Amino acid sequence: MSIHTRRGHDGKTLIIKIDGRFDFSTHQAFRDAYEHGGTDIQSYIVDLSQATYLDSSALGMLLLLRDYAGGDDASIAIENCNSDVRKILTISNFEQLFIIR
Amino acid sequence: MDAPATEPDAGIAAGSGPLRVLIADDSDSDRLILKTLLTRLGHHVLDAANGHEAVALFHSGQPDIVLLDALMPAMDGMEAAREIKRCAGERMVPLIFITSLSAAEDLARCLEAGGDGFLSKPYNRVMIEAKINAFNRMRLMHQTLSDQRDLMHERNRKLLEEQHVARRVFDNVAHTGCLDAPNIRYHASPLSIFSGDVLFASPRPAGGMLVFAGDFTGHGLPAAMGAMPVAETFYGMAGKGFDGADILREINQKLVHILPKDMFCCGMMVEADFELGQLNVWNGGLPDAWLVRSSVVLFRLSSRHLPLGILSTDQFSVEMETIRTLPGDKLLLMTDGVLECSNEAGELFAERGVRHAIEGLSSGLHPFDALMSEIRRFTGRQKFRDDLTLCCLEMFYQEGLAALPEGTVPSSLAGPAEWNCVYEIRECTLEKFNPLPLLLHICMEVPGLRRKSGEIYTLLSELYNNALEHGVLELPSEWKYTSEGFCQYYSERAKRLSGVSDHYIRFSFHHEPMHWGGRLRIICEDSGQGFDFQNHPALQSMEMEQSGPRYAGRGLILLKRLADSIRFHNQGSRVEISYDWYF
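These protein sequences, in sequence, are chains B and L. Position one of the first sequence corresponds to residue 1 (my numbering), numbered consecutively onward. Position one of the second sequence corresponds to residue 1001 (my numbering), numbered consecutively onward.
Everything labelled a hint here was simulated from the structure, so no lab data went into it. These numbers were taken from a predicted model, which means no experiment stands behind them.
In the EDC-like style, the derived pairs of lysine to aspartate or glutamate whose C-alpha atoms are separated by at most 20 Å in a straight line are:
id	chain 1	residue 1	chain 2	residue 2
1	L	Lys1261	B	Glu95
2	B	Lys87	L	Asp1288
3	L	Lys1432	L	Glu1474
4	B	Lys87	L	Glu1347
5	L	Lys1254	B	Asp67
6	B	Lys87	L	Glu1351
7	L	Lys1261	L	Asp1314
8	L	Lys1261	B	Asp73
9	L	Lys1261	B	Asp72
10	B	Lys87	L	Glu1340
For reference, chain L alone in the conformation it holds in the complex (with noise of 0.2 Å):
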């Protein structure tokens, strides 16, 4: 801990310490008069005969209190005291004159050359000892302010050069992410170094996205602390595959636990599937989110659920929200400083403003550039109260493969390189655990497979996917490509996810070193009857026949690209696939 810059000592506050003081008389008697006066008090004193020598003592002595014969030759007490108080500069050294005059404008004189109080002559022993006490309590109290003064500034350096360092660390965990992607605009305006918004976006291992708002109680520091957590949760667990459910119910759980009880963060997650045309949506307390077409709003996604960090894990819902887009679409989302925006009237910009935006849109310019636009025009000159987060994702056509990351490079030599595993979920586990990010880690401990992750969670989602919706749960795939049956397909697959019973999907991996790398082997076996596929309609190509109808579309085609071999078996039950990796 630092020690206070200067406490006042207790002797000299009282004015009973020594001090050093200056005087200046030309007159050999009375200057003796004077200092033997002072001296007698217990003072050191410094004299000078004339203005130039007082300046002089001034320079070398640093006086605490300077005397000053009004009238002295070569240089005067005027030019002296003029000198002496630009000398001092933001020092208070109390300046007084000892004089002789009494006319007004006389005294008026020597107060505007900058003297603090007047001694007449002649001398006074109990007036002076008075005078000097006072002045000097004066000037301790000057001295006192100028170091708390001067205390507070030093602190307020460290605490921002402290809150400027810690900012680093927090940009290192709370990173942006992929919002430069080309189809993310953003803007995020905090109140101070550290903001209680906070905006990260993902890209997903098998394609597409995930973006998460959030906006907690309160600003600065305490907000930050909260969404470092947040961070690291949300991106350890997108880059590993989990779904934005997954993510929310951990991220929830984590600030139940650290947060105090009156904090919270107000949140929303999207989950975007660019080749589907899907967006999922989380909205805990957020402003609504605005799907926007061309100038049309087509959706407002309200908050329907309490914020991030109040409810226990079994009260808590990650229910989702389901729309279908188009390439072009735009999804706005926003922190509620955009809505609190308020202009000099003092009105607030609310949905109003938002809306009013979005429906004066001029063809060709984008939304998030139209409503940035009409909040500045709005605000003007005020300041922004609140953080303001914006931020707007646009869909586009994206085909299965056209965003996978590719990993870090691994060592090839270390990890697993011949080994089995059986994993196989069962009934009511089938409807809410999604065991993908566990499958792809097993995966993962082959460093060669490291660098494929993206691929490798492709050919397992598929997988799995196909198991669960078509094998268990015997859902059409037809709907999901159709708008109309695409609500269908989501209320269905709800609907009988909660009535899975007598099922399994069961999953056998096994992996062997190969002299040009390695090759996994990935069996995929589910309790579902299969489809009688050799009178089916849909099927029309030799690929199809070997398939069978489960695989029509998107899924065959995904696997058929990745995979080096693709073995169908009882009616698509079971599926073997082989997957090469070189060094």
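Here chain B stands alone, though its shape is the one from the complex (with noise of 0.2 Å):
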């Protein structure tokens, strides 16, 4: 598992890229990713594309950082997620608080 960080084109967009199983032992690496990510970060884009696996907890902490980045009025898009990933996501009708790509 790893974190990267980068700053998108347009610089106010933070994009979080996760290697391997995004669970529990994540968690404070995800946590620092998006708390140290800068303040004047508008939308976040979590990468998915080189997740092999998601458990609750770390739907647990994507509803962490859509709390962090305001709630109902976050901007958070999850991407390339396959399709195991697309599913749980599918199952927690989580499509509902995130755009997802």
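Take the two lone chains, each set in its own frame, and fit them into one complex as the hints suggest.
This is the structure:
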């Protein structure tokens, strides 16, 4: 597991990329990633193209990010999930809270 | 708070504290030299002239370190060493041989006998001091590790004990309700003493059942903490006649309030109406529930909502899916532990496994048993990874009154005996609010009525539903009883409810004491037009003529069976019933 962050081309989007398993072991690293992202960040992209697995504690972490980013006003997109990961997001109906693409 | 068991003293740890040293040497002069030397270093010395004495002194003196001459009369050093090590057991007592032997085999025999090291004769003060300090450090390190290990064992034992006690409290709150009913089969395997999964079932006051299955994020104590209020809310509200939607709303609100942001509860609420042959299901984040008729999968009820504990009340939707059933139909509901079971090759059981078990069902075998044995066969010797809950609810034919629970037997002395009450709900409140639990609550203030709660609830709900569905909304009751009209009925019901205007439903209660007990009169009026029942083709009997077509079928039969008298006015838009209770 590893987490990398970078800024998008507009300079105001924080892209958080997760490699490997997205589960409880990534808790602190994921938190650090968005909390140290900078105060001028306006939107977030969680890139799951390299994520192999996602469990319910990862869903919890996404909710924490959403709360940090302003709750109902948060702008968060979850990108490039594989079909297994996508299925977990769908069962929990997370598309009601996040842009999933 | 407990203090840590023992903190090694800093002075002794550095090797400067006094030790109890047992020495054994058959040479009186050598023994005296060694004793003097050790006493000058500040240690307390116990001295023995042979192996027997050494073993005896070891027992009585509890020395920290033992120095043994290898060759002695009356039990030599080797034998004494074996005996001393045996007595010391787990305690680390460094044992040093004092010897003039130098052949490798002899020295090896000393170590095999339990010796930890050697000191050679003649004695050298510097070497003795250094050796004793070195072995003392080893002894203290061993002591610290054993103390920490013992402390961990003790803490763990206490923790488990506390969890067992807490589990008893938890079980009393989060009890299994009516899960032992003959139409329910279930399996729950918690990963730890507390499970992240919950499964509750409760009979409804007017017949039918509510079942709730939930899966909290995480396992163990934190998950169980969330389960307690869910259990209280579920059983409390179900017993008072609230419907699944009300209970879901309440549970969601509670969980949003008490859970940290990253915790939530995937859940499923099932309302089973056995008499109508109808299931209402709400699924928020749990795997599909499967409706099975013999070995055919009729429906899969997928998650259509976010889990509980995430959305605020105004965003939360309690919309349920309604499906028609026949007696014998079985609903299988499960938590994701079932789908995530893996076999020795690491493959998941998944939906494929569930379908395989159901569709391969041989006649006579219960789908619950088939699925459980399929899971066991699949996982083999692998342990279940997640909390795993599986429940099967079977639909059966039930008359409205078959399962009415008798409430607790109350004292007939206290409580109101003579009272009137009028309660009216109007306009959009008709769409959004279910007044039945409140109305039941008012009646339940009378102790004599309390043990009749099921009957009273049935009377109230028949009156109310009739007034709402046929009076206010003017839905034809025939629809409800044919499979073609069924869907139409419920979609039309929702549509018309959202457009209610200029309507009311009014309940008037009057209770008076009687020499045999008491009499409750209920008048239910609605703003509906009623029907032109004299020209209605459905009118066939005198009873129907009296009641109007709005009370065709089930409603009328129930009301007539329960009430002592019943009268209809204004084409059924005003119904009066009288109900007697006895001491």
